[in-house]
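Asker: Sequence:
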Amino acid sequence: MVAFLDVVGNLLPYHLLSYGALLGTELYQARLLSLKQASDLMTNQIQSFINTKICYQALPMKEFILLQKRLFPIYFGTQVGLTALTAATHPPYSIFSLVQDPWSITPLAIVGLTGCLNWFIYGPRTTTATLVRRALQESENTDSDADGSKAHRANRNFARNHAMAIHLNAIAMIATVFYGFSLSATLVAGI
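Per UniProt numbering, numbering of the sequence shown is gapless, rising by one per residue and ending at 191.
Please keep in mind that the hints were generated in silico from the structure rather than gathered at the bench. A few of these clues could be false.
In silico DSBU-like cross-links for lysine-lysine, where the CA-CA straight-line distance does not exceed 30 Å [claimed, not checked]:
| # | residue 1 | residue 2 |
| --- | --- | --- |
| 1 | Lys53 | Lys69 |
| 2 | Lys69 | Lys150 |
| 3 | Lys150 | Lys53 |
| 4 | Lys150 | Lys62 |
The calculated label-pair distances, taken between Cβ atoms and stated as ranges, are [unchecked claim]:
| # | residue 1 | residue 2 | range |
| --- | --- | --- | --- |
| 5 | Ala21 | Asp147 | 46 to 54 Å |
| 6 | Ile121 | Gly148 | 24 to 32 Å |
| 7 | Leu71 | Arg160 | 15 to 23 Å |
| 8 | Tyr28 | Leu187 | 23 to 31 Å |
| 9 | Ala88 | Phe120 | 19 to 27 Å |
| 10 | Phe96 | Gln137 | 49 to 57 Å |
| 11 | Leu187 | Val99 | 14 to 22 Å |
| 12 | Glu138 | Tyr93 | 51 to 59 Å |
| 13 | Asn10 | Asn51 | 30 to 38 Å |
| 14 | Pro60 | Gly9 | 45 to 53 Å |
| 15 | Leu187 | Leu66 | 42 to 50 Å |
| 16 | Asp6 | Pro102 | 26 to 34 Å |
| 17 | Val7 | Cys55 | 38 to 46 Å |
C-beta: ideal position from N, C-alpha, C; glycine also.
Can you make the complete structure from the sequences, with help from the hints?
Answerer: Following this line, the structure appears as structure tokens:
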């Protein structure tokens, strides 16, 4: 019982839990794009997150877009928050220990930066582009855009922002896994 109480006062279990939640959240949201799906992004808006793919198949498009609009700001905010919590609980002395460990601070900084970029820039841009693109698809007035230039621009804007978000998520996931190896090396060496 004394050993358990000693662990409760230590940062390590909280650090492991926050890191595990961060990695688990990222893996759950992991984009698993096949080559065909990547080429279909321009035309069919197939976003293949694990949970997004299920929602895409189960919901009508309008409800799917509304769900995505609400879901992704929460995901990106959670990613940034869990990264901050992981940094704040770095053993043995919180951020003070992390600052002295470049193999740990670098991947966590990358995860935090990519999460912020998606939360504040590419997530909102992708959502806006999705809504614009959907409105153009639903529009019955083809006379105003007879050559399809508005639709082409909307598709290109969506594809660019969506691809950037995908790449930032991939970079964050790689950095998070790298951090796990760095953490393991630290634990094996004895904090």
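Asker: Against which earlier hints does the structure fall short, listed by number upward?
Answerer: none
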